[in-house]
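Protein chains: 2
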Amino acid sequence: MSKGELVLLDCWVSPFSMRVKIALEEKGLSYEAQEEDLFGGKSDLLLKSNPIYEKVPVLLHNGKPIVESANIVYYIDETFGSPSLLPACAYGRSRARFWTDFIDKKVFEAGSSIWKGKGEELELANKEFIDILKKLEGAMGDKDYFGGDKFGFVDIILIGLSSWFFAYEKFGGFKIEDDCPKIGGWIKKCKERESVAKTLPDNQKVFEFVRMLRKMHGIE
Amino acid sequence: MSKGELVLLDCWVSPFSMRVKIALEEKGLSYEAQEEDLFGGKSDLLLKSNPIYEKVPVLLHNGKPIVESANIVYYIDETFGSPSLLPACAYGRSRARFWTDFIDKKVFEAGSSIWKGKGEELELANKEFIDILKKLEGAMGDKDYFGGDKFGFVDIILIGLSSWFFAYEKFGGFKIEDDCPKIGGWIKKCKERESVAKTLPDNQKVFEFVRMLRKMHGIE
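From first to last, the protein sequence lines stand for chains P and H.
For the record, in the first sequence the residue sitting at position 19 is 19 according to the UniProt record's numbering, with numbers rising by one throughout.
For the record, in the second sequence the residue sitting at position 182 is 182 according to the UniProt record's numbering, with numbers rising by one throughout.
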């Protein structure tokens, strides 16, 4: 069966786009990435494909748009069989969906409060962020990955977001490894995978991007 | 195959619990509902089963907890085959997940802004709420249900929330039918289904509950 044409409307620094790219790599799928210029005006294709949110990532599969990053990873997993990213049992899948939703509700927003924060607000933001990571460590338990003994769906969902963690550490003045050694070790292990290593941008480059955001917001 | 024991940690006025009950009814499953007293203290079983959010609904399937209402409906659909609530094709399922997520991000929060609002804030909240319903009308298109020609997953996700719409109309001073006749007609049609009719509480009773919330918040 042909896999069909896969086009990703992308932005290099979007942790949500990174998820999709890692999922595509894990499935061994080739795709064309079209970089959106998010400050210079969005493409007509993006506006047409995602009229509700007008955001990357959008995956076009034979021209049909799939939007919202976790939803795209789900679609990729359902459409392109092996290796399976989600657990085989319905209960395991329900746990994966639960933690995906938790990550999507919490991590990026808490991180934004760090790079936007100052003084007491920053202290609270740092604490909130570490609390979230500690809950995620609880979810991983004594396993190597969120997917158990193998890298899976929830790992993909979180590892994209980790590309901004270096910036959070710098602007927050903390080290994730100190409070959450399990998450620190998990990030290192994930980065040894080819799909992750070739997708995540350089920490310093993301840091410079977030510094630019801070300047745009009048924080620096 | 035995369906196993199904226990629902419930609250009669929770639109999120209603989803789960409608999904269980659609599948023809019997279950035991345990009403939580949300003002008098949560049960140990609820706190143990949903330590992250401590909220209803929780479905216990043979003692194993599944939490977050859309996730529970998904689990029910995956676990208890026919009739299928989600579309058969992966693309259709991705659309159902997208609109489920949209509804969960928007509808209840916009409704809360109505019953909490006054003056100009209330005007804005009313407008936002109607805008959301109009987007949902766009998603339904010229079909009878969000699921196409049959009542399905997204219908279940939204119809539970509709139990609060009468209260929004009363406190907002508008009629949904005037601006969104398609949604108005869809609600009527859904209420003709046994699963929905036996689950949704009386509009007036929900209205009185929301009035009590307003008093608790010092609005009335």
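Any given hint could turn out to be false.
One copy or two, it doesn't matter: identical chains are merged, so the pair holds either way.
Said to hold, decoys possible - Simulated pairs of lysine-lysine, PhoX-like, Cα-Cα distance not exceeding 25 Å:
1. K170 x K64
2. K175 x K48
3. K105 x K116
4. K143 x K48
5. K150 x K191
6. K191 x K48
7. K189 x K118
8. K3 x K170
9. K106 x K55
10. K55 x K135
11. K170 x K150
12. K64 x K143
13. K135 x K116
14. K215 x K188
15. K106 x K175
16. K42 x K188
17. K105 x K55
Simulated from the structure, these hints should not be mistaken for lab results.
Query raised in the report: Honestly, which of those hints from before does the structure not fit?
Result: 1, 2, 6, 7, 8, 11, 14, 16
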